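Enquirer: Residues per chain are reported as follows:
2 protein chains.
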Amino acid sequence: MASLHFDLETTAAGSKARAGVITTDHGKIHTPIFMPVGTVGSVKAVTQQQLKQDVNAQIILGNTYHLYLRPGTEVLEAAGGLHKFNRWDRPILTDSGGYQVFSLAANRKIKEEGVMFQSHIDGSRHLFSPESVMDIQRSIGADIIMAFDECPPYPSDYNYAKKSMELTHRWLDRCFDRLADTPDKYGYTQNLFPIVQGSTYKDLRTASCEYIASKNAAGNAIGGLSVGEPEEMMYDFTALCCDILPKEKPRYLMGVGTPWNILEGIDLGIDMFDCVMPTRNGRNGMLFTTQGVINIRNKKWASDFSPIDPGLPCEPSQYYSKAYLRHLFVADELLGLTLASIQNLSFYLWLVAEARQHIIAGDFKSWKAGFVEVVKQRL
Amino acid sequence: MASLHFDLETTAAGSKARAGVITTDHGKIHTPIFMPVGTVGSVKAVTQQQLKQDVNAQIILGNTYHLYLRPGTEVLEAAGGLHKFNRWDRPILTDSGGYQVFSLAANRKIKEEGVMFQSHIDGSRHLFSPESVMDIQRSIGADIIMAFDECPPYPSDYNYAKKSMELTHRWLDRCFDRLADTPDKYGYTQNLFPIVQGSTYKDLRTASCEYIASKNAAGNAIGGLSVGEPEEMMYDFTALCCDILPKEKPRYLMGVGTPWNILEGIDLGIDMFDCVMPTRNGRNGMLFTTQGVINIRNKKWASDFSPIDPGLPCEPSQYYSKAYLRHLFVADELLGLTLASIQNLSFYLWLVAEARQHIIAGDFKSWKAGFVEVVKQRL
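Sequence order for the protein chains is A and B. First residue of the first sequence? That's 1 in full-length UniProt numbering, and the numbers climb one at a time after it. First residue of the second sequence? That's 1 in full-length UniProt numbering, and the numbers climb one at a time after it.
It cannot be assumed that every hint is accurate.
It does not matter which identical chain is meant; a pair holds if it fits inside one copy or across any two.
As the list claims (entries may be wrong) - The calculated SDA-like cross-link candidates involving lysine to any residue, where the alpha carbons are at most 25 Å apart (straight line), are:
id	residue 1	residue 2
1	Lys365	Tyr235
2	Lys52	Leu334
3	Lys215	Gln118
4	Lys247	Val374
5	Lys299	Asp122
These aren't lab readings, by the way, just hints derived from the structure by calculation. Note that the structure is a prediction, hence the values are computed from the model and not measured.
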């Protein structure tokens with residue numbers, strides 16, 4: 001079928017924010033977009049039906065490291081790929097596993113060839129190389145697949161950051177080579193996004209962006225941010241990258257972030273986001289709403305029978321009350337985890353859809369300035 | 001509004017199985033019926049939307065002990081009752097809390113007045129009496145409310161069982177008196193079901209059934225079975241009770257049971273069942289299906305891409321595969337708990353609906369004989 005295609009529709013007045021449409025073999029994605037994280041083939045506590053009907057997810061993530069360990073490529077290939085296995089028939093993006101190998105696995109050893117690591121599940125030894133990670137992502141079959149990169153921690157010293165970036169660039173060439181040598185497995189096209197690294201050094205980030213841009217990929221990602229650096233620094237480096245990465249390709253800021261991070265990222269020219277925050281924080285009782293941030297365990301909600309989020313066009317968030325959701329959390333009921341996850345994901349998807357409308361309407365900048373204050377406030 | 005009404009439609013040929021319709025102020029219930037257990041106002045891991053659309057639940061249970069402790073009657077009254085609080089607008093039945101006080105609470109002390117106990121949550125001291133339990137059930141506002149009884153353990157010696165039964169009968173009188181003195185709180189009628197006790201002694205069970213029948217209640221329950229006695233003994237005492245309890249009122253066998261227990265109970269003249277088994281066992285990976293019993297964690301399902309239950313008209317059970325559900329359990333994903341709970345509840349509701357059709361069609365007895373073998377087999 002066809003390679004991923006990006007139609008840039010509008011750039012906002014007085015901002016670098018863009019509205020566009022990404023077309024993949026599993027359907028269209030309206031940008032800017034937030035992608036719910038479905039690490040092992042399931043967005044935690046939410047059914048695929050709820051993801052479509054209540055959350056309005058257009059694309060979800062899977063993770064190569066987790067899916068490789070469980071259920072494994074043999075099962076995924078027998079199923080006909082992840083889309084057939086988890087029955088999500090819209091676009092999927094898989095992370096390369098690089099980030100997880102560095103953060104989750106034990107005794108990882110980085111060499112030119114790749115990374116030797118031990119599984120966090122059973123301690124078994126594995127090698128991830130650019131080639132093996134491309135092969136695994138072929139077996140998973142996501143529409144967008146990510147290059148195998150090293151994500152250096154924050155802070156990293158200049159020499160380490162430079163060597164790591166250069167390794168990531170060499171690995172990227174090997175990813176493209178491997179992909180060129182291996183056909184799509186399931187009759188639709190997979191698209192490789194390279195990842196900018198370079199830690200928090202302007203010359204390295206600039207060099208990395210130029211190298212990544214030179215590959216003329218279907219889309220480009222910015223990695224190595226939102227790893228503990230101050231927010232302003234994250235915004236500065238996002239701006240720097242967006243100025244170099246090509247306008248005519250979607251830009252993906254990996255692992256970001258809070259609702260206000262996302263609004264700032266959109267303002268700087270980012271088209272795609274992912275983060276575990278809405279689901280993870282939701283499971284801890286932290287709700288992101290159209291009115292602000294709620295700790296639903298707080299006693300103040302015990303007799304508040306207003307909807308979870310009156311401003312959100314999401315059925316469960318309209319149907320159930322804050323008091324009921326608080327009760328579910330206090331009583332450790334599983335339903336609380338589901339309703340909070342749906343609320344937060346639905347809010348994130350609503351937020352990027354609102355941003356898109358304001359980009360198109362021409363008032364993104366003023367809307368954002370006001371709404372950042374709303375979503376940040378603690379209720 | 002109106003008291004609960006039972007229309008007995010058909011009694012099966014060669015069996016005591018019956019098909020009927022219970023009418024309450026929150027709608028009709030087609031019997032025989034299975035009632036999912038929503039202990040603290042939530043059927044664990046399942047949304048109210050899923051309960052309606054996927055499970056086809058007609059009535060759910062709440063538990064007085066749990067709801068009294070959390071969220072408490074103050075919140076429930078402020079909400080306008082449990083129906084408004086959890087947004088389940090079909091019939092609800094509340095257990096009296098007797099069983100939980102005896103099985104969960106610490107340092108319980110039984111006196112003529114009632115039971116002093118300590119909360120399993122925080123050790124706080126409380127008194128449950130027939131009067132207080134009626135008051136709490138008024139605040140919860142279920143359509144069917146249960147008498148406060150003592151449920152003796154199995155085995156119990158004759159003298160203990162006799163004294164306990166007599167206490168349960170005296171408490172029953174106090175329940176009816178209290179109910180007569182207190183109005184419905186929310187504009188619809190609550191109906192008290194008395195509970196037969198008497199342990200495993202025929203004369204006691206007979207005396208208890210006769211006493212309970214003499215109260216001319218809207219429906220009658222059989223308690224104190226499925227507490228560890230052999231299955232055959234449970235069936236024998238169920239048969240004994242059904243022969244005495246009035247035909248024109250619904251009969252509720254409390255806390256039962258496996259799919260085959262339910263088919264046998266229906267055969268003996270039971271109209272209503274509840275049990276935590278479908279949800280609890282589901283959360284442990286044990287599936288009840290139209291083909292038999294499945295341990296979904298078993299390696300044999302790893303690459304079985306057939307639907308969870310091809311024979312069940314339940315969307316999630318048709319949509320997702322056994323291999324995917326197994327993966328969710330092996331990877332400890334919350335979605336597994338939801339899908340297994342929906343499968344099991346949907347199967348239980350399908351099973352009683354099938355039984356009803358066969359009662360009406362006149363071939364219940366032969367269908368049951370064959371199907372008991374199917375549902376019992378391990379796949």
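Enquirer: The structure should be examined with respect to each hint, and the outcome stated for every one.
Expert: Cross-check of the supplied hints:
1. Lys365 with Tyr235: For Lys365 and Tyr235, the Cα distance is within 25 Å only inside one copy (16 Å; across copies 72 Å).
2. Lys52 with Leu334: both (21 Å within a copy, 18 Å between copies)
3. Lys215 with Gln118: This pair counts as neither: shortest intra-copy Cα distance 32 Å, inter-copy 69 Å.
4. Lys247 with Val374: neither (30 Å within a copy, 62 Å between copies)
5. Lys299 with Asp122: between (41 Å within a copy, 17 Å between copies)
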